[in-house]
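Those protein sequence lines, which keep their order, are chains S and G. The numbers in our numbering rise by one with no breaks, and the one at position 163 of the first sequence is 163. The numbers in our numbering rise by one with no breaks, and the one at position 72 of the second sequence is 72.
Don't read these hints as lab results, they were simulated from the structure. Hints may contain errors.
Derived DSBU-like pairs (lysine-lysine); straight-line CA-CA distance at most 35 Å [what the hints assert, rightly or not]:
(1) S:124 x S:98
(2) G:45 x G:60
(3) G:60 x G:74
(4) S:124 x G:45
(5) S:98 x S:126
(6) G:40 x G:74
(7) G:45 x S:126
(8) G:60 x G:40
(9) S:98 x G:45
Chain S is nowhere near these chain G residues, computed Cβ spacing over 10 Å in every case [claimed, not checked]:
(10) 3
(11) 39
(12) 68
(13) 74
By construction, the Cβ of each residue, glycine as well, lies at the ideal position given by its N, Cα and C atoms.
Listed below, chain by chain, are the residues.
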Amino acid sequence: MSAILQAHALGKRYGRRQALAECTLEIPPGHVVGLVGPNGAGKSTLLKIACGMLAPSSGRIEVLGEAPAGSPAQLARVGYVAQDTPVYAGLSVADHLKFGAATNPRWDAALARTRIEQLGLDPKQKAGRLSGGQRAQLALTIAVAKRPELLLLDEPVASLDPLARRTFMRHLMESVAENGTSVILSSHLVSDLERVCDYLVVLVSSRVQLAGETEDLLGTHHRIVCTRREASSLPAGLTVVGATHTERQSTFIVRGPAEPPVGDWAAESLDLEDLVLTYMEHAAEPAPAAAATPSSTDHTPENAR
Amino acid sequence: MGEPVIEFHLDARSGISPYLQLVGQVRQALLLGLLAEGDKLPTVKEVVAAVAINPNTVSKAYRELEHLGLAAAKPGVGTFITRSLGQASLAEHGPLQQELRAWLVKARAAGLTEPGIEAMFQSTFRESATHAEEET
């Protein structure tokens, strides 16, 4: 199957501000993709371009093999929920479903009704009187009942309390399991994403810093703690993403083969949050060297101290 | 849809990949006798709806259980436990436990503290698990 989202040198400029730059991505289908980065990194811009609400200033993008919002058929295949899960305050829950049915060719009325029942929402309730969690669930219901192949969610849980977050994610994952929908959801908190995402895109200062399957990323990044040394004295094949030093000790976050080649250091695995934060800090520094391909992976393991 | 036979949970701080945590929980339940041959594991949809994790994680865990010979998928029906690892099996391994006790005594005598013992066990365990994986 072809990529759900393919971008080449995508850029977006608001006047003099570059919101997105040189964004090149190829996201395979069947994933729940976490788009993570600090506020103002360009996450919303990328999602708005992907759903066709914004036109890029430069570069190319295809979503499900077509230009975003290039045709009514393409529009029907992509669902989008904007930041803070907006709903029409003056309309009732039932009105929202009616509106969804009238505007979406593949609308699944039974699914929408069942979900609203499961959530315990009163169809006559005005959306403006729902809690934040209920509003998010209503917006998700409409997006899911549209039966999209790709669901784009911009910070869907940012304004929700922890319980509502968990509930929202449970329902989202349930519909992914049921319909095989691909999802791209953004957040500035890794903790929101780490259980649900199996693909990660890190966006910092309008640029993509890292993209790939979560498990691969975790498997190829390590923290090396060793006696103080320069990054240049590390074995070839390791790309240094982050480095800190004390008088005696150096700590490196590296990308490369797993086994530590010498005895006076310890290599540990990273959790997703550490990994993402390292790339965010790294992005604030001068441009990195291109990642070297490891020439050899047969380092002899030594006992870590 | 009856009550699920097992409930999964995830520990984000454990450093163990989520799918292996699920595999471990099934093993644990088997060892404790909470799961037995013929039990139907919850569907992927049921698990993700309860735990809010990626469906691929659950599928991967179930494939691993099949690979380990602990479960089998019946297409369109579900995934079923195919082997019991009841308490009887732990009791049968009394001699192994004896050896482990003796080893622990030696380790303490050699000056290893509890965290040291744990670290050595973890690293050796992981190492031999990787080797076992390479051999199969």
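Here's how the hints hold up against the structure:
1. S:124 x S:98: Holds, because 12 Å separates the two Cα atoms, which is no more than 35 Å.
2. G:45 x G:60: 13 Å, holds
3. G:60 x G:74: 16 Å, holds
4. S:124 x G:45: 30 Å, holds
5. S:98 x S:126: Measuring from Cα to Cα gives roughly 14 Å; hence the hint holds.
6. G:40 x G:74: With Cα atoms ~10 Å apart, residue 40 of chain G and residue 74 of chain G stay inside 35 Å; holds.
7. G:45 x S:126: Judged against 35 Å, a Cα distance of about 31 Å means the pair holds.
8. G:60 x G:40: 17 Å, holds
9. S:98 x G:45: Holds, because 28 Å separates the two Cα atoms, which is no more than 35 Å.
10. 3: It holds; residue 3 of chain G is separated from chain S by about 18 Å at its closest Cβ, greater than 10 Å.
11. 39: Fine: 21 Å to the nearest Cβ keeps residue 39 of chain G off the interface.
12. 68: Per Cβ check, residue 68 of chain G is outside 10 Å of chain S; nearest 19 Å; holds.
13. 74: 18 Å, holds
Hint compliance for this structure: no hint is broken.
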